[in-house]
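K.L.:
Single-letter residue listing:
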Amino acid sequence: MTDAVSVTAPAAPTVGRSLFQLAAMRFRRNRAAMASCVVLAMITLFSFLGPFFVAHKYDQVYSSYVAIPPSLEARPAVSTLRDVAESIVKRARVTLLEFSTEGQEFSATITSPSPIDPRSIRYFDRVDEFADTRIVETLDGGNTLKLAGSLNRQYFLFGTDTNGRDLMTRIMLGGQISIVVGLLASLVSLGIGVLYGATSGYLGGRVDNVMMRLIEILYSLPFVFLVVVLVVFFGRSFILIFITIGAVEWLDMARIVRGQTLALKRREFVGAAEALGLSDWQIIRRHIIPNTIGSVIVFVTVVVPKVILLESFLSFLGLGVQAPLTSWGVLISDGANSMQSAPWLLIFPAAFFVVALFSLNFIGDGLRDALDPRDR
Amino acid sequence: MSLLSLCKPAKFGLALLISCSALLAGASAQAESVLRRGIVGEPNAFDPAKASLWHEYYLMKDIFEGLVSYDSTGKIVPGVAESWSTSPDDTVYTFKLRPDAKWSDGTAVTAHDFVYSLRRELDPATAAMDPRLQFPIKNARAINKGEMPADQLGVRAIDDHNLEITLERPTPYYINLAAHGTALPVNRANIEKDGSKFARPGTLVSNGPFKLVEHVSNDHITLAKNEAYWDAKNVKLDKVIFTPLVDQAASVRRFEAREIDMITGFPAAELGRLRKAFGDEVRVSPSLTVEYYVFDTRQPPFDDIRLRRALSMVIDRDFLAKEIFYDSAKPSYSMMAPGIPAYGAPSKVDFADLSMIDREDMALELMKEAGYGPGGKPLDITIRYSTSATNEQAATAIASMWKEAFGFNVTLHNLDLASHYGYLQQGGEFQVARASRTPEYADAEATLSLDLSSQKTYNYGRYNNPEYDALLARSYTEADPSVRSATLHKAESLLMHDQVIMPLLNIGNLWMVASKVEGFHDNALNEHPSKYLSVSE
Amino acid sequence: MIFFVLRRMLSAVPTLFVVATLSFFLMRFAPGGPFSLERPLPPETMANLMRTYHLDEPLWLQYVYYIRNALVGDFGPSYVYKDSTVAELIGSGLPYSLQLGSMALLLGLLGGVTVGTIAALRQNSFIDFAVMSVSTIGITVPNFVVGPVLTLIFAIGLAWLPAGGWGDGSARYLLLPVITLALPQLAVYARLMRGSMIEALHADHVRTARAYGLPPRVVVVMHAMRGALLPVVSYMGPSAAALFTGSVVVETIYSVPGIGRYFVLGALNRDYTLVMGTVILIAVLVIVFNLLVDILYGLLDPRVRHD
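Residue numbers (the UniProt record's numbering), protein chains in the order written: chain B, 1 to 376; chain P, 1 to 537; chain S, 1 to 307.
So that you can see chain B by itself, here it is in the shape it has in the complex (with noise of 0.2 Å):
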């Protein structure tokens, strides 16, 4: 705890800066954080500038590549082809008499004891593998073709998800929903809770109780009806999820600012203040709040994280984001389902969320420290 004394401390004038100046200097010479703030700048840019530059959108389903193993090789493998070409000709009732490819052309042999549908071809195109598949030449009055076309090249660094759509593509529309629900649903409940708790903590007495009671009601209500019954009566709207997210997270918050908030206001410096005549407002406004920054922000640093986890609850109870759009909240709990047998799809929007947290707690470990007046 600081002394709010400091805070508002008379040193600013005579340095000719600003307090809020000197933070930032402080917080620019913090190299962690500093770091921190481009690798958080890369993840936000990633995802939302991301999906500029790849060639697959959030919700193409490839169908001939079902949860694929990340590769930094183009697909298909020339290896896999004649394996599809066969399964090709399998559902269009012909047999294969020879598949060869050449750069990223291929061409293929069909023949059949009966006069070929010429529309078979369209088989070849409903594959990923391959694109514009022509005749070349009709033999044996009909019942052997003779095909050519292209092979069609996609790239899947991450591999793809269960339903074969590009995970990276998948992770950066993850990452723009997680992130701005994480920001906007902890400064909902950050404003909320730092609010709540210092008035109720600096007013005291029958508001304070009557403030805490409710608190106490709020932690106890069930959270999946209550989720449950705004969807059906306001629907699925976006605002709802920071609504709700909101609503219940802003309850920790709420309590340990009223505690530091209980401690705070029996200081010499509150004294004082009212001394002066300031107003309740006032006081808390300038005296209280300050001095509560050093949890708050700690304590903002545990509430991102769990708010983009609920999200994903949130999804599940048909509330939150929908399929086919998706968050990293939701690409976790998917991925924590297979993670056995695909890896992939858990390990890559972890590390995304991981490393985007860690960033954010030297953001927030740097932003404490510029912000306390003792460590000048």
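In case anyone wonders, no lab produced these hints; they're calculated from the structure. Please note that the accuracy of each hint is not assured.
With a Cα cut of at most 27 Å, we get these calculated DSSO-like pairs of lysine-lysine [stated by the list, open to error]:
#1 233/P with 75/P
#2 348/P with 90/B
#3 75/P with 102/P
#4 102/P with 239/P
#5 403/P with 57/B
#6 57/B with 322/P
#7 403/P with 368/P
#8 102/P with 197/P
#9 348/P with 322/P
#10 490/P with 330/P
#11 330/P with 348/P
#12 102/P with 145/P
#13 276/P with 330/P
#14 90/B with 146/B
#15 193/P with 102/P
#16 276/P with 322/P
#17 276/P with 516/P
#18 239/P with 197/P
#19 90/B with 276/P
#20 90/B with 330/P
#21 90/B with 403/P
#22 377/P with 57/B
#23 403/P with 348/P
#24 90/B with 322/P
Position chains P and S relative to chain B; hints supplied.
P.N.:
Same frame as chain B, now just chains P and S:
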């Protein structure tokens, strides 16, 4: 409470010692043969009248024995009744009970017990979960509705060992119902003495191969061999320990750690890995469950049969079966799954055997006639399903198929299970919804009767075709089994032609059974009584 | 002090009443009911069930019944676990949850405070970095990932510990569930402790104590730690209540016979009475722990007074 046992190495060591000695004790008492079975959830009750879920009936049928029961291959075999006969018009069944059938307290199982139990099942005051399955018995439905006293039920004890059951009308599948969990006997003295707490370990009196010994919620349910059981000499297991495993992935891990000998209901996505690791211990066999999407006929444009058929045609069920269900499911084009001998091959939808490209061309044609799709109006479709990984995957794949074929914009709407089905059953309007059906007894009527226009709860899409209703009505009065079967097939064809219900897949039964377990046989009914299982060391 | 505690006890009555009332009506607005299964029940059966459980009566009357029965300690039958009453279900599961929860709380609290303090004393050192890294992972990696990973390593890979089940309740069965449950708590406590400890070490009275040449250990324990514990204690109230009422994830992953499943799975099954019972239990625990926390405030910081 060993609150500090984690912090105290001495105690921890002691615990290890104890478990080691337990291991040694286990080794010395090798004669005891124990089977550890995983079940997909906590049983909601041990009172047969209050059970309704598949995994509950596994337990029930181990603890109790009905007049007839299923063996390990899903065949009906004599139970408490050693033989039975039917009247010429097939409406009266006379069961001859074996004289040596005993309750676990040593008293004899008599015909009066069955009279008592069936009346109890149908008595509205019991509020049984599944009395519907015994409705073919004379007056059963009226009694359950409270319109008639329970003693009017068509079940009569001729004497202690002869039981007569009269049916409303000839019901060719009745014997399957006599084997159902709802027809299991309960002990009257037990219930009168212990009231609602009769079905507890230590209190419950039962007549099956095993008796209930211990129940720790969510941890285990222990059954021990019932020495009073008439066929006890053929029961090879001394103990069966059921472990409820709600989390599918956790159930696989318990099997991998060799803590559980048999599990079922694990994610199909794990099949590839598990087959590699466990080989023949992984078992996939066809079930009677059909997963389908239903269209709400109250909602235009889904009242248009052309649109429904077109939507159904472009679904690549082979892809769903192979890629989403990892070959554990089979493409389904019919309401019934194959596997009911008396019904034979189900009636498929007319386009089932066309090639995918023919179906696509036909579908585009139909869609054009309906006025939607390329060249027509655009359409927004919402698919509703209950939250689960495979449901979402299937919906995603289907959405992409519809999008690709017709350019429709498809949104997905998931809700938790109770909300999803609660909504449908309360008559909520929708466009397309996911559901599945497993006939509760081996007869097509079990499934087909759910789409009658008079059905308000089951018939989510409000299918209403008088011709269909008439066909089913005719099946109820038809005495000749082959004519009856043909009538039901006709009804199924009609239902499929109209495609209010669009079948997708015939789901498989997934089991992992340790190689040391003997006597396990795959069967479509998924009946696996512990009586026939044994464990080799 | 006694007066303060008594007053809080009294104010718990209206709190519980409001919780019960709000929860009761909230649940009934949700679609589906305890008998909405994937395979629906015929109307007759549904009617019998609704009548037996008085669900066919007007909602307000059901509410009056519920409150009247609850006042005499009758929380009704479970609608899903039909052989048992709510009191029996909670009564049989609570000891397990209490045991698991108290161990996790102890581990989380002691571990978190210790490593948080160490990290604060060695701010920006390697130890600090390591502690905060582990703590970040503890917060960000959800328990439905931690649990399975621990099982894969210790139960399947190394085969040291069982993969699940309560067994005889010995340490080998409890170790993994306790760690899974405690890890996120430990991580939060460590972060809170580190943050407030760094501040406390800069506070005037601690600096003064140091300046007087008191041994560092005394300074840390006697002076800095007391004030620094405030946010930790604040967070402990609700987190202890949550730990003691079990965790659905840990219970389903490890087959633990606690009551954590009832709150979430009970709600998903629409087992109204069971959820009500759990809600009231949670409310009682939250109230009790918040009271304890408020008393602890006064002990840790004499400036906090309860008027």
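K.L.:
Does each hint fit the structure? Answer for all of them.
P.N.:
Verification of the hints:
no.: 1; hint: 233/P with 75/P; verdict: 21 Å, holds
no.: 2; hint: 348/P with 90/B; verdict: 22 Å, holds
no.: 3; hint: 75/P with 102/P; verdict: 23 Å, holds
no.: 4; hint: 102/P with 239/P; verdict: 19 Å, holds
no.: 5; hint: 403/P with 57/B; verdict: 14 Å, holds
no.: 6; hint: 57/B with 322/P; verdict: 23 Å, holds
no.: 7; hint: 403/P with 368/P; verdict: 15 Å, holds
no.: 8; hint: 102/P with 197/P; verdict: 22 Å, holds
no.: 9; hint: 348/P with 322/P; verdict: 20 Å, holds
no.: 10; hint: 490/P with 330/P; verdict: 23 Å, holds
no.: 11; hint: 330/P with 348/P; verdict: 13 Å, holds
no.: 12; hint: 102/P with 145/P; verdict: 33 Å, violated
no.: 13; hint: 276/P with 330/P; verdict: 21 Å, holds
no.: 14; hint: 90/B with 146/B; verdict: 17 Å, holds
no.: 15; hint: 193/P with 102/P; verdict: 19 Å, holds
no.: 16; hint: 276/P with 322/P; verdict: 17 Å, holds
no.: 17; hint: 276/P with 516/P; verdict: 18 Å, holds
no.: 18; hint: 239/P with 197/P; verdict: 23 Å, holds
no.: 19; hint: 90/B with 276/P; verdict: 26 Å, holds
no.: 20; hint: 90/B with 330/P; verdict: 17 Å, holds
no.: 21; hint: 90/B with 403/P; verdict: 25 Å, holds
no.: 22; hint: 377/P with 57/B; verdict: 25 Å, holds
no.: 23; hint: 403/P with 348/P; verdict: 25 Å, holds
no.: 24; hint: 90/B with 322/P; verdict: 15 Å, holds
In summary, the structure is inconsistent with hint 12 from the numbered list given earlier, while agreeing with all the others.
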